[in-house]
Amino acid sequence: MGAEGGADDRELMERLARGDRDALAPLVERHYRRLYRIALGYLRQREDALDVVQEAFVKVFQAASRWDGSADAGPWLSRVTVNLSIDRWRRNKRRGQTFSPLVEGDHLDVLADHRPAPDRGVLGRESGERLAVALRALPERQRAVVVLRHYQELSLEEIATTLGMSLGTVKSSLHRALHRMRDTLTEAKP
Amino acid sequence: MILAHLRLRRRVSLLAAGLALGRERDEALAHLQACARCRADHEALTAVVAAMERDPLRSAEPPLTASVLAARVLHQLDRAEAPARRPRYWLVALPAAAAAIAAAFLAPMLVERLKPEPRVVTIPPAEPNTLLSEDALARIERNLAREQAARYLNEAGEVLVSVAATGVDCDRTDDRLDMGAAPERSRELLEKRRMVVDSGDAVASAQGVFDDVESALRQVADLPACVKRRDVELVQKDVEARQLLMRIRLMQRELEG
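Protein sequence lines, in the order shown, are assigned to chains A and B.
Residue numbering for the first sequence follows the numbering used here, starting at 1 and increasing by one per position.
Residue numbering for the second sequence follows the numbering used here, starting at 191 and increasing by one per position.
Be aware that a few hints might be false.
As the list claims (entries may be wrong) - Computed cross-link-like contacts, SDA-like style, restricted to lysine to any residue with a CA-CA straight-line distance of at most 20 Å: (1) A:K59 <-> B:E271; (2) B:K382 <-> B:A371; (3) B:K427 <-> A:E29.
Unchecked claim - Short, incomplete list of chain B residues facing chain A, as computed with Cβ under 7 Å: (4) R200; (5) A234; (6) A250; (7) P252; (8) A260.
As the list claims (entries may be wrong) - Restraint ranges, calculated between C-beta atoms of paired labels, are given here: (9) B:E243 <-> A:E14: 33 to 43 Å; (10) B:A293 <-> A:D68: 53 to 63 Å; (11) A:D68 <-> B:E271: 20 to 30 Å; (12) A:S155 <-> B:E378: 47 to 57 Å; (13) A:E153 <-> B:E271: 32 to 42 Å; (14) B:A224 <-> A:R176: 19 to 29 Å.
Hints were generated in silico from the structure; no laboratory data involved.
Since the model is a prediction, treat every value here as computed from it, not as a measurement.
Cβ coordinates follow ideal geometry from the N, Cα and C atoms, glycine included.
Generate coordinates for the entire structure from the input sequences, incorporating the hints supplied.
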């Protein structure tokens, strides 16, 4: 998490809080790739993920004066992005758009040839789309925990800080999420 | 035994997720030796985690550069703030409209009541309009020219942002992107350009930006509706190299005063 925070972020956030628009570009430069991957891991749609990141920086600019200066900006940015991803997910769900598959070349066909022995027992010839279905089947917060852990490699403590959860809740969410994904993938096995 | 098993099940999940450390890890590993069901669980969960670790989305690159995204964010902020800065014409317009309506209803009645005797009316000679001085008229013209130029730049900025952000495939096999209405809007703006740019001194400071905007719009106007990704990237790179979105925004603010 250290890479996310630090004095530079703090200074940029303080400048944003004073309405200094020039502080936005370096903040975007530093965080947008990471935030994009969080949103993409959650939504699995490029356009939606990009919209979410743009919206996140708009919100950050508008709410910079309310940012708690004693905390790192990185986890706060991640939290804003996760919340906006959840909002977008709900909106898409209402419109029936949650199942548009992301086509990423031969997305996850790598599983077929290079997976270790245990994969063969559960995933068979599972494609990336099955993995996406398993992620989409998770409750919103559990999915956020999985994305932060397995797409951002955050520690339990970092996930707890980012999502404002207790450590115990993060552990049980991750435990339940992995089991649920295992079940979904097993059910979806051809 | 059952309670211990339940307690250790969660640790097995954390072990598979790479999050069990120290004593937790040792206990989980020891439990796996004794519990066949947990061993099967652990293998299956490890496979799920491995699948996620190989997901290409983990290292996906955003389709925009940071500077383009920052420009889009600032553009969105500008649009969000625009209504608040707009003068409140309705404060004048509403009473004026009310007065006009009242006059329309009351005038016939008043005319009827106050019908004057016919008389000869002498019309005074026309006097020069002294309500607005020449200076004031020049200032109004100058402000209008600058407002028009700012609007033109705003519209051009929107077109270029839409080009920078385009990511919708229209022909995936040939790696082509859908340009939407951008080429058509560019052509419309190029037609408007002469009217805006020839506004004399009022917009002289914007000349450099106008030239670069024209060049970028010409590139977009020449694109077909479904265009090869590399052609779009050439336009995006050109816009970025000239820092055009940022310059448009700054000039727009200057023109709006």
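Going through the hints against the structure:
1. A:K59 <-> B:E271: With a Cα-Cα distance of about 13 Å, the restraint between K59 (chain A) and E271 (chain B) holds, given a limit of 20 Å.
2. B:K382 <-> B:A371: Roughly 17 Å separates the two Cα atoms, so the pair holds.
3. B:K427 <-> A:E29: Holds, because 17 Å separates the two Cα atoms, which is no more than 20 Å.
4. R200: 5 Å, holds
5. A234: Nearest chain A Cβ about 5 Å off; hint holds.
6. A250: 6 Å, holds
7. P252: Since the shortest Cβ distance to chain A is 4 Å, the answer is holds.
8. A260: 4 Å, holds
9. B:E243 <-> A:E14: 33 to 43 Å: 37 Å, holds
10. B:A293 <-> A:D68: 53 to 63 Å: At 59 Å between Cβs, range holds.
11. A:D68 <-> B:E271: 20 to 30 Å: At 25 Å between Cβs, range holds.
12. A:S155 <-> B:E378: 47 to 57 Å: 54 Å, holds
13. A:E153 <-> B:E271: 32 to 42 Å: Taking Cβ atoms as reference, E153 (chain A) and E271 (chain B) lie about 38 Å apart, which means the hint holds.
14. B:A224 <-> A:R176: 19 to 29 Å: 24 Å, holds
The structure meets every hint from the earlier list without exception.
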